[in-house]
Amino acid sequence: MIEVRDLSKTYTVHEKAPGLMGSIRSLFARETIAKHAVKGVSLDVGEGEILGLVGPNGAGKTTLVKMLAGIIHPSSGTASVLGYTPWERNNEFRRRIALVMGQKAQLWWDLPAADGFLLLKEIYQIEESRYRENLSYLAETLDVTKHLNVQVRRLSLGERMKMELIAALLHDPRVVFLDEPTIGLDLTAQRAVRDFLLEYREKHQPAIILTSHYMEDIEALCKRIVIIDGGGFIYDGPIEGIAATYAGQKVVTANLKRAGGVPVDPEALARFGTVLKAEDLEIKVSVDRERIADACAWILKTHAVTDLAIDEEDIGSVIERIFRERRVDPA
Amino acid sequence: MTRYFVLYVYFLRFSFSRAMEFRVDFFFRIGMDSLWYATHLIFFWALYRYAPFIGGWNFDQALVFAAGLFVSDAIHMTLFSNNGWMFPILVNKGDLDYYLVRPVSSLFFLSLREFAANSFLNLLLAVGILIWSIARYPGELGAGTITIFGVLLLVGCFINYLMHFLFMMPVFWLHNAAGMRDLFFGFGRFTGRPDGIYKGWVRRILTTILPYAIVVSFPTRALFEDDIAGIALHMGVVAALGFGVLLLVWRAGLRVYASASS
Chain A
92 MIEVRDLSKT YTVHEKAPGL MGSIRSLFAR ETIAKHAVKG VSLDVGEGEI
142 LGLVGPNGAG KTTLVKMLAG IIHPSSGTAS VLGYTPWERN NEFRRRIALV
192 MGQKAQLWWD LPAADGFLLL KEIYQIEESR YRENLSYLAE TLDVTKHLNV
242 QVRRLSLGER MKMELIAALL HDPRVVFLDE PTIGLDLTAQ RAVRDFLLEY
292 REKHQPAIIL TSHYMEDIEA LCKRIVIIDG GGFIYDGPIE GIAATYAGQK
342 VVTANLKRAG GVPVDPEALA RFGTVLKAED LEIKVSVDRE RIADACAWIL
392 KTHAVTDLAI DEEDIGSVIE RIFRERRVDP A
Chain B
126 MTRYFVLYVY FLRFSFSRAM EFRVDFFFRI GMDSLWYATH LIFFWALYRY
176 APFIGGWNFD QALVFAAGLF VSDAIHMTLF SNNGWMFPIL VNKGDLDYYL
226 VRPVSSLFFL SLREFAANSF LNLLLAVGIL IWSIARYPGE LGAGTITIFG
276 VLLLVGCFIN YLMHFLFMMP VFWLHNAAGM RDLFFGFGRF TGRPDGIYKG
326 WVRRILTTIL PYAIVVSFPT RALFEDDIAG IALHMGVVAA LGFGVLLLVW
376 RAGLRVYASA SS
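Keeping their order, the protein sequence lines are chains A and B. Take the first sequence: its position 40, counted from the start at 1, is 131 in my numbering, and no numbers get skipped. Take the second sequence: its position 106, counted from the start at 1, is 231 in my numbering, and no numbers get skipped.
Warning: the hint list may mix true and false statements.
Stated by the list, open to error - Cβ-Cβ distance ranges computed for the label pairs, FRET-style:
no. : chain 1 : residue 1 : chain 2 : residue 2 : range
1   : B       : V252      : A       : S247      : 55 to 63 Å
2   : A       : D234      : B       : W257      : 53 to 61 Å
3   : B       : G253      : A       : W200      : 29 to 37 Å
4   : B       : V252      : A       : P109      : 54 to 62 Å
5   : B       : L335      : A       : E290      : 56 to 64 Å
6   : B       : H300      : A       : W200      : 50 to 58 Å
7   : B       : V134      : A       : N240      : 46 to 54 Å
8   : B       : A163      : A       : Q194      : 44 to 52 Å
9   : A       : D277      : B       : A163      : 18 to 26 Å
10  : B       : G156      : A       : V104      : 30 to 38 Å
11  : B       : S159      : A       : E219      : 56 to 64 Å
Unchecked claim - Chain B regions said to be covered by chain A (calculated; three or more residues, Cβ under 8 Å):
no. : stretch
12  : 166 to 176
13  : 347 to 355
Rather than coming from a laboratory, the hints here were simulated on the basis of the structure. Heads up, the beta-carbon is just placed ideally off N, CA and C, and yes, glycines get one too.
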């Protein structure tokens with residue numbers, strides 16, 4: 092449903108030296124630099140797939156989504172969404188996609204969401220029966236039926252985001268772009284949105300591209316993720332594959348007996364890796380894969396262990412570490 | 126076409142619902158524009174105390190011209206002004222995004238989304254003044270001529286809309302539309318004077334490249350002069366060319382539209 096080949100977007104931005112003199116100088120002689128927001132990326136997304144796009148601020152996630160939604164033109168490369176070139180903005184293409192931006196509202200602020208939905212019904216030419224069916228299903232699933240006639244500005248952030256989702260999905264889009272749909276929401280609202288998206292995907296099988304800073308969203312919704320940084324992809328594959336590719340370490344957790352054991356010695360533990368926790372009842376240490384056996388043997392030998400677990404490093408931590416390391420060494 | 130009409134009815138409904146919420150602003154606009162009408166009428170009345178003809182028109186004709194100007198201004202304020210004012214803000218804040226993903230003409234949406242309900246009452250007042258000025262005109266004005274005047278006045282409003290948006294479009298490249306907006310409103314003063322007062326190259330510019338002088342003056346000429354076909358053709362060509370240029374600039378603007386980062 093989505094095919095992207097060597098897509099790039101470069102902005103020309105001007106640089107100004109700080110202070111008044113810098114401003115005066117830039118008035119006459121302006122230095123410009125090319126900022127590569129997206130650098131030659133390629134990807135495919137199929138029907139029913141939710142692709143998670145992960146990256147730090149300014150990585151190029153939103154720029155990529157906006158190019159695929161037809162909002163901005165690329166500098167080079169090709170993209171096909173449902174067989175259309177997005178930035179040609181064919182009406183049939185626009186009728187079959189949806190966009191939700193967590194930081195921008197599409198509904199009329201001073202009017203009830205129900206009024207905005209009626210306008211969208213006309214814009215997308217949704218048949219009356221289908222409109223009623225979709226609205227009823229979406230509002231009930233998202234539990235906002237009783238808020239449909241409340242002015243949008245009087246809704247809570249969570250309720251507003253649910254209304255934005257309804258607005259985006261009323262016309263049964265085949266491709267959905269979700270740009271940080273849970274940003275700013277509390278944990279309950281985040282979970283509600285995630286559960287809804289999973290159910291919606293199950294029922295309608297659209298292709299979904301999701302960007303989010305919350306790893307909980309990505310882990311709950313996406314089987315495949317793309318890690319983007321500096322405009323380029325640094326990983327594209329199954330979510331479980333990240334740990335195998337990047338996590339050189341595993342986390343060893345040992346629960347200890349309440350009494351009778353030897354006091355925990357963090358310095359001794361540190362020989363095996365990074366000590367995450369060293370308390371009377373629990374030890375947690377991040378250990379290089381090749382030293383796991385040694386670490387476990389030592390813990391079992393020196394402490395009264397009631398339970399021992401070896402886990403992969405948390406995916407969020409792995410990704411965070413990747414970005415941190417790239418900041419130090421971008422190459 | 127029907128679909129766009131239905132969409133527009135929604136815009137009207139929404140705008141009225143919203144305007145009613147802000148009562149002070151609602152009545153303030155009516156009072157403010159009424160004052161502007163009065164000032165303009167007094168201005169013409171004062172001028173004609175010292176000269177029997179200005180730009181080839183006597184006081185009665187100038188009164189119809191002034192009333193036509195009120196109607197033209199009220200139509201612009203009601204239909205287009207808020208949208209034109211909002212346009213650069215939408216571009217700079219990256220808020221065109223949702224307009225661009227809808228399967229309707231984005232330019233239609235952006236040009237007509239905001240209907241200024243409070244100015245609509247001024248439009249009714251302005252139409253009333255226009256009817257009065259035509260009714261009190263001492264000469265003979267046929268129904269056909271008055272109809273043509275009305276149609277050309279609408280074409281003039283369309284030309285005024287084109288200029289407003291053409292002045293706003295450079296925001297895609299300049300990122301600051303304050304200067305262009307001031308220019309549009311500054312040039313707008315040429316609309317409020319009979320075109321007959323402009324001569325030579327100034328006249329040529331004001332009736333072609335910057336066609337402010339034809340917005341109200343030409344329809345008024347059609348009411349009082351014989352060359353109706355020539356006037357209609359001139360306005361038609363300017364409107365068609367202006368629309369073509371607007372579409373070209375709009376498309377070029379969208380190519381460089383950067384949106385804003387999230």
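Here is how each hint holds up against the structure:
no. : hint                          : in the structure
1   : B:V252 <-> A:S247: 55 to 63 Å : 45 Å, violated
2   : A:D234 <-> B:W257: 53 to 61 Å : 58 Å, holds
3   : B:G253 <-> A:W200: 29 to 37 Å : 34 Å, holds
4   : B:V252 <-> A:P109: 54 to 62 Å : 56 Å, holds
5   : B:L335 <-> A:E290: 56 to 64 Å : 58 Å, holds
6   : B:H300 <-> A:W200: 50 to 58 Å : 25 Å, violated
7   : B:V134 <-> A:N240: 46 to 54 Å : 20 Å, violated
8   : B:A163 <-> A:Q194: 44 to 52 Å : 46 Å, holds
9   : A:D277 <-> B:A163: 18 to 26 Å : 56 Å, violated
10  : B:G156 <-> A:V104: 30 to 38 Å : 46 Å, violated
11  : B:S159 <-> A:E219: 56 to 64 Å : 44 Å, violated
12  : 166 to 176                    : violated (count 0)
13  : 347 to 355                    : violated (count 0)
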